[in-house]
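K.L.:
One letter stands for each residue in the lines below.
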Amino acid sequence: MKSNKKLNVALVGNPNTGKTSLFNQLTGMTQKVGNYPGITVDKKQGSCKLLDGTTTTITDLPGTYSINPTSLDESIVLETLLDEESENYPDVVIVVAEVENIKRNLLLFTQVKDLKIPAILVINMTDQMSRKGIFIDVEKLREVFQTEIVLVSARKKKGIDDLKLAIQNYENYAVNPLFKISEKIDQPYFDEIKTSLRGFSLYKSWLLITQKQHVSFISEASKHIIDKFKVDQNKLKKYQHKETIYRYQYINDILKRTYTIDRTKAKDLRSRLDKVLTHKIFGYVIFTSILLLMFQSVFDWASIPMDFIDATFSDFSEWSKQVLPEGVLSNLISEGIIPGIGGIVIFIPQIAILFLFVAVLEETGYMSRVVFLMDKVMRRFGMSGKSVIPLISGTACAIPAIMATRNIGGWKDRLITILVTPFTTCSARLPVYAIIIALIIPEDRVLGIFSLQGLVLMSLYILGFGSALVSAYLLNKLLKVESKSFFIVEMPNYKLPSIKNIFFDVVEKTKAFVLGAGKIILAISIVLWFLASNGTNDFKNAEQIVTQKSQGKNITTEELESEIASFKLENSYIGVMGKMIEPAIEPLGYDWKIGIALISSFAAREVFVGTLSTIYSVGSEDEGTIKQRMAAEIDPITKEKRFNFPAGMSLLVFYAFAMQCMGTLAIVKRETKSWKWPMLQLVGMGALAYVAAFITFAILK
Amino acid sequence: MIRTVADLQKGEKGTIEELSFDEIPLALMEMGCIPGKQVTLIQFAPMKDPLYISVNGSHFAIRRETAERIILDKLLCDEI
Chain U
0 MKSNKKLNVA LVGNPNTGKT SLFNQLTGMT QKVGNYPGIT VDKKQGSCKL LDGTTTTITD
60 LPGTYSINPT SLDESIVLET LLDEESENYP DVVIVVAEVE NIKRNLLLFT QVKDLKIPAI
120 LVINMTDQMS RKGIFIDVEK LREVFQTEIV LVSARKKKGI DDLKLAIQNY ENYAVNPLFK
180 ISEKIDQPYF DEIKTSLRGF SLYKSWLLIT QKQHVSFISE ASKHIIDKFK VDQNKLKKYQ
240 HKETIYRYQY INDILKRTYT IDRTKAKDLR SRLDKVLTHK IFGYVIFTSI LLLMFQSVFD
300 WASIPMDFID ATFSDFSEWS KQVLPEGVLS NLISEGIIPG IGGIVIFIPQ IAILFLFVAV
360 LEETGYMSRV VFLMDKVMRR FGMSGKSVIP LISGTACAIP AIMATRNIGG WKDRLITILV
420 TPFTTCSARL PVYAIIIALI IPEDRVLGIF SLQGLVLMSL YILGFGSALV SAYLLNKLLK
480 VESKSFFIVE MPNYKLPSIK NIFFDVVEKT KAFVLGAGKI ILAISIVLWF LASNGTNDFK
540 NAEQIVTQKS QGKNITTEEL ESEIASFKLE NSYIGVMGKM IEPAIEPLGY DWKIGIALIS
600 SFAAREVFVG TLSTIYSVGS EDEGTIKQRM AAEIDPITKE KRFNFPAGMS LLVFYAFAMQ
660 CMGTLAIVKR ETKSWKWPML QLVGMGALAY VAAFITFAIL K
Chain R
0 MIRTVADLQK GEKGTIEELS FDEIPLALME MGCIPGKQVT LIQFAPMKDP LYISVNGSHF
60 AIRRETAERI ILDKLLCDEI
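Read top to bottom, the protein sequences are chains U and R.
For the record, in the first sequence the residue sitting at position 597 is 596 according to numbering that gives the first Met the number 0, with numbers rising by one throughout.
For the record, in the second sequence the residue sitting at position 24 is 23 according to numbering that gives the first Met the number 0, with numbers rising by one throughout.
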């Protein structure tokens, strides 16, 4: 390849064939995740150096069982393989098959091959062949498929060089279709398609006609012709079924001559594990234990790095204050940007640990069993077994959780899952819960072992899941959305997780969180800093006003400075906003200072703690922790503690329900392609939070 | 009486006669569920829904409502 254009290689294959392992072997650290224009599906690409020194771009397309998509992710495969004009159009496709499931994997291979793109068949996990008594006649397969067949074991790094060599020779492979749909099904009908839609190969035309929606790139004129063929839907369906049956017949005939498996050799790890893991009692016991272990580790393991990050950033902020020359810009850096970045980085440990668990559960094949066990239960609430994964991921962060709903086939199931996921207790609520619980719940033990504070925290988690389920139930009754959902979940073989795959998966998702949610949190921190350090005329003349007022009174300079600072806060823009909403939040037990924290929390919940620490540190000079300062805060009218039990409980309830996360709202808008749903979340959850907090305060007061 | 995949006992096998849907989900066929193929019921979830089956070399779970529409061949299922 002497041309400047890099060779484009696309990886396609069924889920659970080790396609991602192969991608990781080929691309290693060069991989990065981008976006397809206009849609939100992640595009994974990396570069790979071939044996002759040329560099290729490898794209890992979403796993799919067929070229006919059943979900958003899968439609990318079709679009990529059909759009010849696109810069993503592959020069060669690698179809990854797994040695044990080769029959079903070949269905996709024959479909891709018929698109007249050079296609290499990779048979993965060949290290298991002798153990499972499998024999493949590669020579004969090569002959029938008229292309290169490569045996690899991606995990054991075997056959990778053979594959690279096969990619180099991509121009030598035949591109004629393997399977002639027209002859078998209805010759005149397909002849008509051929003459009507010129410029496309027959199979491509057939795919264009049979898709529910038009692919994005075809011309209006072609759409018009395609629509004419779409009129008789029954015929299309019937022919698609015939096509599938004939393809399987064709594949069976080939496999009879080229593939043998000694069934007696198969060691039955799958059935032995399934007996326990999908058992109607043990299955649930094991799932619950794994969940408990997961949450336990999220708290225990993450607390050490989190404390470290917290300390580092506050030191760094202090240090920058001393080093940088005084001025607005330095203030912005040390009080706006550094704490802002710290506020994002602090969540990385928890989120990474949670993603680690989810990745391991998915890699081993266990997650499919959970989907199987939970489907019936989740259906009662208008969701699907597949909703379990987003709901679990939601305990880390709702943003990646909502993105994980893409493989839920039915639109209504998916929409409900998206709408209720923000109720699950995400890690941003944790610091808020932690500080309030520490303030209002005594450090007692119940029955000698359970810490009372821990129990309260656990009830908040249960409250989160509970309200997700209840609102899903209601939404299911109320929403009038037509959608057909069809549930089919593959139960893959159990596998040991590959460390490399998990590493890349965790890094990729954590990076997506930091860059996605992080940008918003950082931006809001800067806005907040601006609103707190600018204000009305009284703000600007604060020193004069306070000094005049305190004339004649006997106070020290220190007290005077503190008076000025709190006067400034009261008259800053954010203080004015807090005062403005004070009448509305008074019935919940909050004052204007908490009001400020509430407003800033609408950017992201965790800002609450930071804001309060800013507010209270401004007013006082003593070096106590934020917790001590909050505990010392007194209501000027009742002379009671501000953070007493009723007000604290009311705040906990408010944070459990309210939709206070711009990042989530933005992602919901992107995924539902409408402002209607994020607005419903914002208003609905906000109203619920207000009412629930009001009732809590009224009862406990 | 018509026997369907939903009537199978755990571990029992049957051969698919036809798929009786108003609209047969293509994905079901593409997973290997086509007439003439043998189905094995591997496991039920509680309340016998969903069902975990194996057919044509694929292992997957479907809901009861789907299983009820996969009709089995009565004669053949005894022989296999």
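One or more of the hints may lead you astray.
Straight line, CA to CA, 27 angstroms or less: simulated BS3-like cross-link-like pairs of lysine-lysine [unchecked claim]:
hint	chain 1	residue 1	chain 2	residue 2
1	R	Lys36	R	Lys9
2	R	Lys9	U	Lys241
3	R	Lys36	U	Lys234
4	U	Lys203	U	Lys179
5	U	Lys183	R	Lys36
6	U	Lys279	R	Lys12
Don't read these hints as lab results, they were simulated from the structure.
K.L.:
Does each hint hold? Answer for all of them.
P.N.:
Hints, one by one, checked against the model:
Of the supplied pair hints, the one linking lysine 36 (chain R) and lysine 9 (chain R) holds, its CA atoms being roughly 18 angstroms apart against a limit of 27 angstroms. Between lysine 9 (chain R) and lysine 241 (chain U) the alpha-carbon distance is near 31 angstroms, which puts this suggested pair outside the 27 angstroms criterion. Pair hint lysine 36 (chain R) plus lysine 234 (chain U) holds up; C-alpha atoms about 24 angstroms apart against a cutoff of 27 angstroms. Pair hint lysine 203 (chain U) plus lysine 179 (chain U) holds up; C-alpha atoms about 12 angstroms apart against a cutoff of 27 angstroms.
Between the alpha carbons of lysine 183 (chain U) and lysine 36 (chain R) the distance comes to roughly 21 angstroms, so the proposed pair stays at or under 27 angstroms and holds. For the proposed pair lysine 279 (chain U) and lysine 12 (chain R), the alpha carbon gap of about 21 angstroms is at most 27 angstroms, so the pair holds.
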